[in-house]
Amino acid sequence: MKRAEKADRIGEMLDDLYPDPPVPLDHKDPYTLTVAVALSAQATDKKVNEITPGLFAVADTPEKMAALHPDEILELIKEIGLAPTKARNLSTMAHQILDAGGEILPDWDFLESLAGVGHKTASVVMAGSFGVPAFPVDTHIHRLALRWGLSNGTTVVKTEADLKAVFPEDTWNRRHLQIIFFGREYCPARYHDLLDCPICSWAATKKQITTEAKMNAKK
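Oh and the sequence shown: position 73 is 77 in my numbering, straight run, nothing missing.
Hints are computed from structural coordinates only; laboratory data are not their basis.
Be a bit skeptical, because a hint or two may be false.
Dumping the calculated DSSO-like pairs for lysine-lysine here, alpha-carbon to alpha-carbon at most 27 Å [to be verified]:
(1) Lys10 / Lys222
(2) Lys211 / Lys162
(3) Lys32 / Lys6
(4) Lys222 / Lys6
(5) Lys10 / Lys162
(6) Lys210 / Lys82
(7) Lys210 / Lys168
(8) Lys51 / Lys32
(9) Lys6 / Lys50
Pair by pair, the computed Cβ-Cβ distance ranges are [as the list claims (entries may be wrong)]:
(10) Lys6 / Gln46: 32 to 38 Å
(11) Ala61 / Phe114: 25 to 31 Å
(12) Gly106 / Asp30: 18 to 24 Å
(13) Phe114 / Ala165: 32 to 38 Å
(14) Met219 / Asp103: 29 to 35 Å
(15) Leu102 / Ala217: 15 to 21 Å
(16) Asp24 / Asp113: 40 to 46 Å
Glycine included, every Cβ here is placed at the ideal spot set by N, Cα and C.
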C-alpha cells in the first residue's frame, strides 16, 4: 500500500473516531494558548492544565505577566518540569509581546522569535487560535508516523514534511490532534502490541512490528 493510500485510510478512521477534536490545553485566547503550549514542553497536557488556572488567575495577559518578577512566575508554575527556565521565558515573552504592540500576532516569524516558543509551539498557536493550516509534530505524532510507515522518523522536521505531503492541507489542523488522541487511547509508547492496534495492525511494516516486539520482550 502506498503512503498516500495508507494516509487516506488512516484519515477516514480518525475522522470517524474524532470528528471534532479539541485542543487539549485549556486556554481562552491566543496568548493563554501560547503560554500553555510553551509550558507543555517535556510535560503532560494534564499537568499543564493543573498549573495554568492558578497562573492565569494572576497573569492571563502579557501586561500582567510582565508585571511579575520571574521568581513570582516560578512560584506559580514550580510543579512543572523545567520550571525555572520556563518562568524566565514567560517573563521575557511577555515583554517581547508588549514591545511588539501587546498582542499575539498570526505571524510565523513573530511567534518563533518569542522566548520559549519554537516551531512546534508556533504551529499549535497558528492552527488552534488563527485557523492557519499547520501540522505540529510532538513526540507522540513523531512516533506514530514512524509506526504507520508515513515517515522514516529520522527527525521531527522530516516527519512534519512527510505528514504534510500525505494529508490534504485542509485536514492538517484536526489531523494532528486526532493522532494525539488516538495515540493516547489506542497506541501508547510502551508495551504496545502493534498487532492489536486498530491502525498499526495493518499500517505498520513487518520490520516495525518485529522491532517493537523485541523491544517489549526486553522490558
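Subject >> Holds or violated: Lys10 to Lys162, with C-alpha atoms at most 27 Å apart >> reply: 18 Å, holds
Original post:
Within a Cα-Cα threshold of 27 Å, do Lys32 and Lys6 meet the stated pairing?
Top reply: 40 Å, violated
**OP:** Confirm or reject the claim that Lys6 and Gln46 have a C-beta distance inside 32 to 38 Å.
**Re:** 35 Å, holds
**OP:** For the pair supplied as a hint, Lys51 and Lys32, confirm whether the alpha-carbon distance does not exceed 27 Å.
**Re:** 18 Å, holds
**OP:** Could you say whether the range 18 to 24 Å given as a hint is met by the Cβ separation of Gly106 and Asp30?
**Re:** 22 Å, holds
Subject >> Distance restraint evaluation - Phe114, Ala165, Cβ atoms, bounds 32 to 38 Å >> reply: Since Phe114 and Ala165 have Cβ atoms about 23 Å apart, the given range 32 to 38 Å is violated.
Subject >> Outcome for the supplied range 40 to 46 Å, where the beta carbon pair is Asp24 and Asp113 >> reply: About 30 Å separates the Cβ atoms of Asp24 and Asp113, which means 40 to 46 Å is violated.
Original post:
Is the Cα-Cα distance between Lys210 and Lys82 27 Å or less?
Top reply: Violated, at roughly 44 Å.
Original post:
Do the alpha carbons of Lys222 and Lys6 lie within 27 Å of each other, as the hint requires?
Top reply: Given pair Lys222, Lys6 is violated - Cα atoms ~32 Å apart, limit 27 Å.
**OP:** Starting from Lys210, check that the Cα of Lys168 is at most 27 Å away, please.
**Re:** Measuring from Cα to Cα gives roughly 24 Å; hence the hint holds.
Original post:
Range hint 25 to 31 Å: satisfied by the CB atoms of Ala61 and Phe114?
Top reply: Given a distance of about 27 Å, which is inside 25 to 31 Å, the answer is holds.
Subject >> Restraint status (C-alpha distance of Lys6 to Lys50 at most 27 Å) >> reply: 36 Å, violated
When held up to the earlier numbered hints, the structure conflicts with 1, 3, 4, 6, 9, 13, 14, 15 and 16 and fits the remainder.
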